[in-house]
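Participant: Listed here are the chains, written in short residue letters.
2 protein chains.
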Amino acid sequence: MALQLDVVLTKEKKEKPDFTQLGFGQHFTDHMFIMDYSAEKGWYDPRIVPYAPVTLDPAAMVFHYGQAVFEGLKAYRTKDNRILLFRPEKNMQRLNTSNERISIPPVDEAFLLDALQKLIEVDQEWVPSAPGTSLYIRPFVFSTEPYLGVRASHSYKLLIILSPVGAYYGDGMKPVKIHVENKYVRAVRGGTGNAKTAGNYAASLKAQNEAKDLGYEQVLWLDGVEGKYIEEVGAMNVFFKVNGEIWTPALNGSILDGVTRNSVLQLLRHWGLPVYEKRISMEELYEAYTRGELEEVFGTGTAAVISPVGELSWNGNQLRIHEQQVGELTMKLYETLTGIQYGEVEDPFGWTVQVN
Amino acid sequence: MALQLDVVLTKEKKEKPDFTQLGFGQHFTDHMFIMDYSAEKGWYDPRIVPYAPVTLDPAAMVFHYGQAVFEGLKAYRTKDNRILLFRPEKNMQRLNTSNERISIPPVDEAFLLDALQKLIEVDQEWVPSAPGTSLYIRPFVFSTEPYLGVRASHSYKLLIILSPVGAYYGDGMKPVKIHVENKYVRAVRGGTGNAKTAGNYAASLKAQNEAKDLGYEQVLWLDGVEGKYIEEVGAMNVFFKVNGEIWTPALNGSILDGVTRNSVLQLLRHWGLPVYEKRISMEELYEAYTRGELEEVFGTGTAAVISPVGELSWNGNQLRIHEQQVGELTMKLYETLTGIQYGEVEDPFGWTVQVN
Ligand SMILES: Cc1ncc(COP(=O)(O)O)c(C=O)c1O
Ligand SMILES: Cc1ncc(COP(=O)(O)O)c(C=O)c1O
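Keeping their order, the protein sequence lines are chains P and C. As numbered in my numbering, the first sequence has no gaps in its residue numbers, which increase by one up to the final residue, 356. As numbered in my numbering, the second sequence has no gaps in its residue numbers, which increase by one up to the final residue, 356.
Bound conformation, chain P alone:
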């Protein structure tokens, strides 16, 4: 039986926040999408309703055994007032990858993407228009059954909430300082690293705080087995330009398959540049640095799109990259990707999807 989307509009629209002071993930729109899952009915009752709290039994399994996954993508307003999504089908696919890893039942990706488009249409006034601003989209799923036995829940909720967000680079792109983490581990082979599970983020906070205390903005995660190989930077994938080549850690099961990472790889190949997805040790990178061959470093992710790295601190060594200035390739990727996202640059791959 096909799911039927129900729409209940709010009687009282919220006052909009100051769209020049949005920040990230603090303001939420008038409506949300929600649907429920039960073992008997499967996913049911999909609806767009006024943004409202959720009420849960204290025994709801999400509080205890953490079955929760999420996605993050954005809607962009173009100069000619269209609203574009960037490769949203990738996020729906990844949601199911995450679901699968922690035993949450799969969702109908096409249906969910339709529902998302409808939700954005309903709340289209909330898609900001100032340069660099966007509507952040957060689909998420969590377990709800009130039961304390350790097993997969028999009931879930899936929501999509929307948050207008400010420009990531308010005062221009600035390279960040990164601490190469040698104590904590984000993910390991056989674990949940390639899924966007809530627990992965809780586990990462302490390292992040300790790095902040040392004066670094983010951590660079090394592999959990040998503590040698580069995985990700903060909640971003990471790229290195080494002597004209571009390297990024291969997807090995403990790294998230980022949509931005995938798009950067396609662009670089399209431009005919030599790109390698491979295992990269910190040692090897340091050697390249000492030979003067570490030319650029940047993170990739939906929030920042491209985030230049100006310094890596590793076991007492400070690797200063590109004189702590934004590199040319870093900038070109940023401009091309954001150009495509805002409909200002040709989209040779058909990545954008227009919301009606």
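No wet-lab data here; the hints were simulated from the structure. Since this is a predicted model, take the numbers as computed values, not measurements. It is possible that part of the hints are untrue.
Heads up, simulated EDC-like pairs for lysine to aspartate or glutamate below, C-alpha to C-alpha not over 20 Å straight-line [unchecked claim]:
1. 16(P) - 100(P)
2. 14(C) - 125(C)
3. 90(C) - 347(C)
4. 41(P) - 89(P)
5. 41(P) - 108(P)
6. 206(C) - 145(P)
7. 157(C) - 6(C)
8. 157(C) - 36(C)
9. 177(C) - 311(C)
10. 206(P) - 145(C)
11. 212(C) - 311(C)
12. 228(C) - 226(P)
13. 183(P) - 226(C)
14. 206(C) - 293(P)
15. 14(C) - 57(P)
16. 183(C) - 311(P)
17. 183(C) - 226(P)
18. 16(P) - 57(C)
19. 177(P) - 311(P)
20. 157(C) - 283(P)
21. 183(C) - 213(C)
22. 228(P) - 226(C)
23. 212(C) - 100(P)
24. 16(C) - 57(P)
25. 228(P) - 145(P)
26. 13(C) - 57(P)
27. 157(C) - 347(C)
28. 183(P) - 100(C)
29. 157(P) - 6(P)
30. 157(C) - 145(C)
31. 13(P) - 57(C)
32. 177(P) - 293(P)
33. 332(P) - 245(P)
34. 79(C) - 121(C)
35. 14(P) - 57(C)
36. 157(P) - 311(C)
37. 183(P) - 283(P)
38. 212(P) - 100(C)
39. 206(P) - 100(C)
Chain P is already provided as a structure; the job is to place chain C with the ligands on it using the hints.
Facilitator: Same frame as chain P, but now just chain C with the ligands:
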């Protein structure tokens, strides 16, 4: 300022479930304990109130970044109608260990233990009396701030809920069949294995399901680094009796410091038996098995207390233990520990705490 516990009693008591058919973690008592945390006030407003749902903003951080930890302990009714807790201060300590690992602010352990005792007093009718039954106690903490940036939440809730539970061994102790897990990893050095974080349990479900499909009740987890060394079994610590010696994996950071494990170690030493906390490889264990020296295997945890293992399946080898019967030491530990918990056996260590 000292916290003041407020008590609001229910106007309408629930109908009690059939105390001969309790199962685990399905029924909840009339009241719960709850307190809140904010960055400004610290932990505040501790109260015992009627058991009721919690209402959260959909952006509440627990749904997204999974800052959630829990504890599990039990209250036991003695034949002379006293109510005993077993080493509850250990659970309060461990709650703070878990909090610390995922950047949740610490709680006042002594205050929380007092509040727990008061809660049990209020709901004392719910402590069942049939042999083997008990009142399962679930303290838990989760993040509540409605914010989508990845950082530690600035607000939390801590609850304690109570659930009367049936005898774990309804029809007698039966050794379980265990699958030695060689694909999935529960925890790794530098991760969250020694904390009771919600995410650890979500991550474990898939392996558990796959083992069930193969006909095994639980998995035995190997270390995340080399995939060689024994860590835990299901959500229990694990012990081996090998040629008269008792071995258990040493606390290495990725293993939970179980209260039952600690108690078993103390009892064994008290009895003058040779006990070793050490790194144990599956290989070494298999060799002991082939020499006929693997005498008993059992798991330890609050739910089952002692859980005999009758079979280990490892890389195609079936290790049958003690002819799939409960071993003498396994049984003696079970009887001594449950004897102490129910106030029927002398408590030389002062482990039990009476609820007034
Ligand atoms: C751990 C992690 N790695 C990488 C990424 C980048 O993925 P994407 O480019 O799809 O946003 C994210 C953010 O979504 C993330 O949370
Ligand atoms: C992962 C894990 N290991 C071990 C244990 C046993 O700990 P305890 O004896 O304190 O119940 C538990 C259960 O609490 C657990 O969840």
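Participant: Decide, hint by hint, whether the structure agrees.
Facilitator: Taking the hints in turn, this is what the structure says about them:
| no. | hint | in the structure |
| --- | --- | --- |
| 1 | 16(P) - 100(P) | violated, 37 Å |
| 2 | 14(C) - 125(C) | holds, 11 Å |
| 3 | 90(C) - 347(C) | holds, 16 Å |
| 4 | 41(P) - 89(P) | violated, 25 Å |
| 5 | 41(P) - 108(P) | holds, 14 Å |
| 6 | 206(C) - 145(P) | holds, 18 Å |
| 7 | 157(C) - 6(C) | holds, 16 Å |
| 8 | 157(C) - 36(C) | holds, 5 Å |
| 9 | 177(C) - 311(C) | holds, 5 Å |
| 10 | 206(P) - 145(C) | holds, 18 Å |
| 11 | 212(C) - 311(C) | holds, 14 Å |
| 12 | 228(C) - 226(P) | holds, 14 Å |
| 13 | 183(P) - 226(C) | holds, 17 Å |
| 14 | 206(C) - 293(P) | violated, 43 Å |
| 15 | 14(C) - 57(P) | holds, 15 Å |
| 16 | 183(C) - 311(P) | violated, 36 Å |
| 17 | 183(C) - 226(P) | holds, 17 Å |
| 18 | 16(P) - 57(C) | holds, 18 Å |
| 19 | 177(P) - 311(P) | holds, 5 Å |
| 20 | 157(C) - 283(P) | violated, 44 Å |
| 21 | 183(C) - 213(C) | holds, 15 Å |
| 22 | 228(P) - 226(C) | holds, 14 Å |
| 23 | 212(C) - 100(P) | holds, 17 Å |
| 24 | 16(C) - 57(P) | holds, 18 Å |
| 25 | 228(P) - 145(P) | violated, 41 Å |
| 26 | 13(C) - 57(P) | holds, 17 Å |
| 27 | 157(C) - 347(C) | violated, 35 Å |
| 28 | 183(P) - 100(C) | holds, 15 Å |
| 29 | 157(P) - 6(P) | holds, 16 Å |
| 30 | 157(C) - 145(C) | holds, 10 Å |
| 31 | 13(P) - 57(C) | holds, 17 Å |
| 32 | 177(P) - 293(P) | holds, 19 Å |
| 33 | 332(P) - 245(P) | holds, 15 Å |
| 34 | 79(C) - 121(C) | holds, 17 Å |
| 35 | 14(P) - 57(C) | holds, 15 Å |
| 36 | 157(P) - 311(C) | violated, 38 Å |
| 37 | 183(P) - 283(P) | holds, 17 Å |
| 38 | 212(P) - 100(C) | holds, 17 Å |
| 39 | 206(P) - 100(C) | holds, 8 Å |
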